[in-house]
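Asker: Sequence:
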Amino acid sequence: MAEAHETEEPTAPPLRNGPSEAGDDGSGTGTRHKGGSRGGAGADAERIHNRIAVLRAERGVSRRQLAEALGVHYQTVGYLERGEYNPSLHLALRIAKYFGVPAEVVFSTEPFPRIGG
4 MAEAHETEEP
14 TAPPLRNGPS
24 EAGDDGSGTG
34 TRHKGGSRGG
44 AGADAERIHN
54 RIAVLRAERG
64 VSRRQLAEAL
74 GVHYQTVGYL
84 ERGEYNPSLH
94 LALRIAKYFG
104 VPAEVVFSTE
114 PFPRIGG
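Whatever position you read off the sequence shown (first residue = 1), add 3 for the numbering used here.
Hints are computed from structural coordinates only; laboratory data are not their basis.
Please read all numbers here as calculations on a predicted model, not as lab measurements.
Among the hints, erroneous ones may be present.
[What the hints assert, rightly or not] Simulated crosslink set (DMTMM-like; lysine to aspartate or glutamate; CA at most 20 Å straight-line): (1) K100 with E71; (2) K100 with E84; (3) K100 with E61.
Please work from the sequences and hints to get the whole structure.
Answerer: Pasting the structure below:
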């Protein structure tokens, strides 16, 4: 009778808690863009524009208040507002729900028109 040999199956690399090579900060909040909105030609193609600051101002909500309601660090709200991070889908939906508006009112792949000119 032939002896059975156990062979090891190849395994996937372990999951990481830190940032990925794609620029995600590992927090589940979204993707970090190096250089913020001043990136190269490809940076704007990936940027998600938002009205978070406008909605906060209209409702008198501070960054800290919004961050606490969303369960993120207050600096994350600033990064999102400045376009330094794109939110994860989950976070984007939570932000829209917080303000009681559809996600497309808060987020867009195209720049929003300026108010007041």
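Asker: Checking each numbered hint in turn, tell me which of them this model violates, lowest number first.
Answerer: none
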